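Produce the complete structure using the sequences and hints provided.
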Amino acid sequence: MALNMSVGLLGPVVASVVAPIMWREIELGPPRQRALFAVLAMHARRVVSREELVEAVWGLNPPATVDSSIYTYVARLRRKLEPLRANRAPSEILISAAAGYMLQIDPAQVDVRTFEHKVEHARRLRAAGRLDRMVAELDSALRLWRGAALAGTAGPFADVERARLHELRFAAVEERIGALIDMSRHAEVVGELSGLVRRYPLRQRIRSLLMVAYHQSGRTAEALAEFRDVRHRMIQELGIEPSDELQSCHTRILRGDLAAPRRTYAMPAEERPSRAGSAEERPASAMPAAGQPVYAAPVAEGPAYTMVAEERPVHASAAYARPAGARSYGRPADRPAGFPGAAPAQLQRRVPGFTGRSAELEHLRRLVARADSSTESEAILITGSPGVGKSALAVQIAHEIAHRFPDGQLHLNVGGLPGASTPTTVEALRHLLAPFGHQPSWPADQEREAARYRSLMAGRRVLIVLDNVESADQVRPLLPGTGSCLVFVTGRTRLSGLVARDGARQMTLDVMPEADAVTLLREVIGSRSADLDQAALRGLAAACGHLPLALRAAAHRVAIGSCTVDELVRSGDLLTYLDVAGDELSSPRASFSRSYAALRPDEARLFRLLGLYDGAHLDLLSVSAVADTYLDRARLLVDGLLNAHLLEEDGAGRLSMHRLMRGYAKERSLAEDSPAEREQALGRLIGHYLRAADSADSADSAESGGFTGGRPVRAGQARD
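Just so we're aligned, residue 181 is where the sequence shown starts under the numbering used here, counting upward by one.
These are computed hints drawn from the structure, not numbers from a lab.
No experiment lies behind these values; they were computed from the predicted model shown.
It cannot be assumed that every hint is accurate.
Listed next, with one range per pair, are the computed distances between beta-carbon atoms [said to hold, decoys possible]:
no., residue 1, residue 2, range
1, S651, R546, 23 to 29 Å
2, A872, S554, 46 to 52 Å
3, N241, G533, 51 to 57 Å
4, N241, A405, 47 to 53 Å
5, R780, S248, 50 to 56 Å
Glycine included, C-beta positions come from ideal geometry on N, C-alpha and C.
Right, here's the structure in full:
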């Protein structure tokens, strides 16, 4: 007995029992159990051997318990498919055979088979010259798709079949658009083709269709621009020229001899052929046997297309239209957000009482607008010193634009949390893939996971926030390969490699202006701030160096009454006052320590010794004296501290350190350097200033009146 079941594989794997007076969705269980069901459904009414099931679901290296797993999955599926079946009674739906199992349902009830048949039927209609009917049949076929094929399943069968179905689907989209162009409906497809080019910039068949559509719409300049763009991309990224078909299309447009579109008119119903074998009248049952793929018609295509394993529906009109009273596969609008298949929404919550940063937000909005108009993969960097509010700003702008990314928003703390190890690249990729139902490859393979990640992101509108990035190499594999996604990267270092090599756009975040700092203090202190005058709050803001993390920690102290504003301002150890018990993320000292720990030993030594200097600015000669090294070596050490945002340099080459950072550096020097080392460093600095003053006095008495200090010398080295 064949069960009247509807099986959906063109999206999340689902199944339902359909009857005149009832409808029942079948719970298919965890991913591997769903994958086993999908294999049986794809080969309905055919015995699938145990060996085939093992290889399809687990691959060539199955676990030792695979036999037990298959038995358990089959037993569970039988209970779901036949809830009224008596114990020990043989199943009439999922049947055991000597060599394996068979799902006893009509293959036509599996949406993949319906899709394949409709695509084949559409091609027969084209061969018969019925382009209008062909387009209608392809529209009907594409409406069957509900998302990525076989979503929620894993294993070799799912990977291979998902790629095959994606190619068949894309071929159907291309053939449908080509037919519309042949029917002189080119103006209708320009928008859809433009979107496809943005998602798949190296898909040459789509480019040629868009060039023809532009040209026949009177937009020849844009058609030629498309060719220039794809040729540039292919040479730069692949080192090859476009295909002969694309180059021929370009040449014909230049010569003005592109063939006029073929007009095909609908034949009146009374004049249509009525013989049984006609393309229009061929019965729906004339479909390929289960398991036999329908191959796309030959399409001139270069090797530049990377298969996308999962994607969103590519046809704009492919929303599933349900008849009254029917229920669709997939996730209805009222399905909870956590339901499998829902777009991930991982953004951290906005910082309560977020204040100021209006200029920075406006600048980021401009960068986002520029990224929206680009077809390239875009990354926006927000860098700055520890505690300056990089993550808070990234989350703020991400929430503001999240609605533009309907396929999801991802967040990953790339640098790890305090006390936890930094995730490896493979772990980071798996974290980003997991919300889309991807099972990790085994053994761990970074290149394979990175390829799956780029394939998954291609064509999706996903917003990605990569927080606390420590190096360009750490984040580079996490950048999508196409321009449909936007990435925000926050980092304590400059991440110059992402700017120089990957074209990222950078914004360096500074401390807050005084007015915004005072506003933030009032916001966090709350009602107690009413008793505080503006001057007192300005003094506290200055003591905190206008650093947002320090401002919040200080305001919290005042808000809970543990100390007064005056006590904080007059404190000789403000960093200790700003420690937040049990919460390292809110402590300026802990934030500074993470950056300090990433320094090289010689950079860390210079950082500590510079903390001993209480002046406002230093020049490179002074740093050379403190470090007891040559000028070029001092420059390298300074660059390391500048890269970590632990030191600042103005346009005149003057170096300075944030007041709280200087306190932390001095704290580390007292803990790690001997009294003799500290005394010698200060002695070298004083000696440098004395020699500089002596040179200045000599210059004042010189006839030229100018400074003639000569070449830079190493500290302690005699001058000529």
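Evaluation of the provided hints:
1. S651 <-> R546: 23 to 29 Å: 27 Å, holds
2. A872 <-> S554: 46 to 52 Å: The hint (46 to 52 Å, Cβ to Cβ) holds, given that A872 and S554 are roughly 50 Å apart.
3. N241 <-> G533: 51 to 57 Å: 53 Å, holds
4. N241 <-> A405: 47 to 53 Å: Check passed, 50 Å falls within 47 to 53 Å.
5. R780 <-> S248: 50 to 56 Å: 53 Å, holds
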